[in-house]
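A.B. asks: Spelled out from the first residue to the last, the chains are:
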Amino acid sequence: MFRLTDEKLVESVLKGNEEAFRELVRRHEPRVAATVIGMLGNCPETEDVGQETFIRFYKSLKNFRGESEVGTYLTRIAINLSLNELKRRKRRFKFFHQEPGEAFDIPDERTQTADNGDKELVQWAIQKLEPKFRSVVVLRLIEGYSTSETAQILKLPMGTVLSRLSRAQKKLKEILSPFMEIVNE
Amino acid sequence: MNKKLRELLYRSFDADLKEEEKKVLADALSRSAELREEQRQIETVRQKLSATTASSFEPFFADRVMRRIYREQKPKSELESWFEPLMSIFRPIAVAAVFIILLLMSYNMISTKQISVQGALAISNVAVEEAFDPAVNLTVE
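Line order of the protein sequences matches chains A and B.
When we follow our numbering, the leftmost residue of the first sequence carries the number 1, and every step to the right adds one.
When we follow our numbering, the leftmost residue of the second sequence carries the number 1001, and every step to the right adds one.
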């Protein structure tokens, strides 16, 4: 079946066809979901941040010049909004004298299937990372952007992305090793 | 384990190493079982991470986004469009007024040396009889 490109859909939205925007949302929902859930974990705020990402995109469509792909553009908005949400969360936790990491319980392995349990465990471990390390992990290792794309999205030098990736992986290995039998797999 | 080799190992997953660096790393990997183990562990962590991709939000996400867009585009009622600029003008004034009131109340409490509502409002304890007693309030010449 004939499938319109993202650029054609954007043109169509600008001409007043709002159904074309619905198609853009459907098409890019998985990517935005991966970014937002990767950054914030499974929590009620992800839905709001996800919706806000598309609404910001809709409002900025007139200025969208197609220099980057729609997916990359959306990922950038999603990352920025997630980082804002994390800052808000940190302020909230500070107010209640609690560490942000305490909000996420270690997944109970008895209630998980092996595959699901692994996912939850990894998600939990990601939430233990500082936001600046989390963002490179989400973009490079979960979403599969190249290191240069990751650097572009986060507006960071390539060297910074590489060093943050190394440090994040070391930290993840430390966090996960007591739970997963990495050595024996 | 050599720190530089370890860094090189981590970098090898995400960056193109120079020929010389590749050689150094390959040589080190062939000699060190510990480094090989570290390599395997990183690979496992990376595999686990790439398998965690969440695919979607709750069902009908696109519908909810479109509803929000329609709602935000809906023209505001006359009353709303009349109140909104007023609200934005008066909000800072209201905040400033509250601040000034608090300042005055604390000044009153300090000057009357009374930490109470009466002190804050600078109300003296006057009985009703005293208030209406002409002997107290009027001086007769």
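Note that these hints are calculated values from the structure, not bench results.
Check before you lean on any hint, since a few could be wrong.
Beta-carbon label-pair distances, calculated as ranges [unchecked claim]: (1) K1004(B) to E67(A): 33 to 43 Å; (2) N80(A) to E1084(B): 20 to 30 Å; (3) G144(A) to L1079(B): 48 to 58 Å; (4) K155(A) to L1017(B): 23 to 33 Å; (5) L61(A) to K1074(B): 11 to 21 Å; (6) F179(A) to I1101(B): 51 to 61 Å; (7) M158(A) to E1043(B): 42 to 52 Å; (8) F93(A) to K1004(B): 35 to 45 Å.
Note that the Cβ used here is the ideal one computed from N, Cα and C, for glycine as well.
A.B. asks: Okay, L61(A) versus K1074(B) on CB: inside 11 to 21 Å?
C.D. replies: holds, 18 Å
A.B. asks: Take a look at whether the Cβ-Cβ distance between G144(A) and L1079(B) falls inside 48 to 58 Å.
C.D. replies: Roughly 51 Å apart at Cβ, these two residues keep to the hinted range, so it holds.
A.B. asks: If you check the beta carbons of K1004(B) and E67(A), does the distance land in 33 to 43 Å?
C.D. replies: Roughly 38 Å apart at Cβ, these two residues keep to the hinted range, so it holds.
A.B. asks: Can the suggested window of 20 to 30 Å be confirmed for the beta-carbon pair N80(A) and E1084(B)?
C.D. replies: The hint (20 to 30 Å, Cβ to Cβ) holds, given that N80(A) and E1084(B) are roughly 27 Å apart.
A.B. asks: Please test the hint of 51 to 61 Å on the beta carbon pair from F179(A) and I1101(B).
C.D. replies: holds, 56 Å
A.B. asks: Does the hinted range 23 to 33 Å hold for K155(A) and L1017(B) at CB?
C.D. replies: The hinted range 23 to 33 Å holds for K155(A) and L1017(B), with Cβ atoms some 25 Å apart.
A.B. asks: 35 to 45 Å was suggested as the range; check whether the CB atoms of F93(A) and K1004(B) agree with it.
C.D. replies: 38 Å Cβ-Cβ, so the 35 to 45 Å window holds.
A.B. asks: If you check the beta carbons of M158(A) and E1043(B), does the distance land in 42 to 52 Å?
C.D. replies: Since the Cβ atoms of M158(A) and E1043(B) sit about 22 Å apart, the hinted range of 42 to 52 Å is violated.
Comparing the model with each earlier hint shows a violation of hint 7 alone; every other hint is respected.
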